[in-house]
Amino acid sequence: MSIPVLTAALLLALAVVWHAAVVLADVRAITRHRPDGRVYRPGRGWTSAAGLAARRRLSYLMVVAGVVLAGLCLVAGLAPGRGTAMVLGGWAAVVLALLLADRRHGLNRYTAVCLALLAGCLVLAGGAWALGGRTWTAAAGPPASFFAAQLYLVAGIRKLRSRHFMDGGVLIDNLAYNAAQAAAGSHDFVPFPRTAALSTLLVHPAPRSVCRAVAVCAAVGEVLLGLAVLGLLPRPATLTLALVLHSGFLLLSPLRIVPFSAASMGLCVLATSQPLLPGPLG
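Using this note's numbering, the letters of the sequence shown map in sequence onto residues 1 to 282.
Keep in mind that the hints were calculated from the coordinates and are not lab data. Built from N, CA and C at the ideal position, the CB exists for glycine as well. Hints may be right or wrong, so weigh each one.
[Said to hold, decoys possible] Quick list of simulated restraints, FRET-style, between CB atoms:
| no. | residue 1 | residue 2 | range |
| --- | --- | --- | --- |
| 1 | R34 | A79 | 43 to 51 Å |
| 2 | A29 | V210 | 31 to 39 Å |
| 3 | F146 | A213 | 45 to 53 Å |
Kindly generate the complete structure, drawing on both the sequences and the hints.
Quick look at the structure:
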């Protein structure tokens with residue numbers, strides 16, 4: 001199969017396994033600190049011990065599914081053909097079903113959308129290769145281009161319309177929250193800035209100016225990336241921009257944002273393989 005399809009499938013496998021591993025770690029921490037196995041989640045109420053057990057079982061299935069998907073990518077790379085393409089597409093459908101089941105347990109909505117879209121595009125890619133052969137290998141490119149453009153454009157425009165975000169307030173809020181969580185012992189966040197430096201961040205104008213500039217770059221970058229995945233920028237430039245943006249997002253929560261970043265990069269890889277608006281720049 002084509003390199004973009006295999007790369008996207010490997011990124012999906014990484015995202016699924018990483019997400020499931022985080023969930024398993026959370027469930028293990030809850031059961032260790034709460035003997036009754038119950039936990040309250042804002043917006044979702046109490047989760048029972050039975051609910052946690054069900055999510056643990058589903059997460060184990062997702063780990064297995066992700067590992068198998070990665071193995072199928074290796075097989076498809078070494079022995080490309082309609083048979084391996086059909087198996088890869090079929091297994092992507094299994095992963096999609098698991099993601100939809102996990103959505104009921106509280107998978108972040110934006111992450112869930114990115115993962116489901118990537119899995120769906122891989123189902124299409126595998127089916128197209130199996131039915132039409134090598135000439136259909138880029139069948140997943142146009143839908144990936146469309147959905148990736150929609151996701152980035154909507155996110156970027158919402159940021160541009162938010163005064164609090166464009167003033168750097170959202171970034172400052174995130175940095176303050178991360179610092180507080182890290183100081184409390186959480187390993188999910190980068191311990192920067194230190195709590196002693198929070199007053200400088202919140203009061204002095206220089207850090208606010210930096211946060212404002214970063215916010216403007218992030219919003220403009222997302223809009224530009226939304227246009228780029230349509231085919232309006234060369235493929236190397238598009239993938240470089242996506243990598244820079246998502247590397248920045250990882251700084252906010254390195255542990256938990258990996259599935260979202262991996263799935264988004266997978267969509268970008270597929271989108272740039274055959275964008276909606278192919279041309280001299282696509």
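Evaluated hints:
| no. | hint | in the structure |
| --- | --- | --- |
| 1 | R34 / A79: 43 to 51 Å | holds (48 Å) |
| 2 | A29 / V210: 31 to 39 Å | holds (34 Å) |
| 3 | F146 / A213: 45 to 53 Å | violated (31 Å) |
In this structure, only the earlier hint numbered 3 is contradicted, and the remaining ones agree with it.
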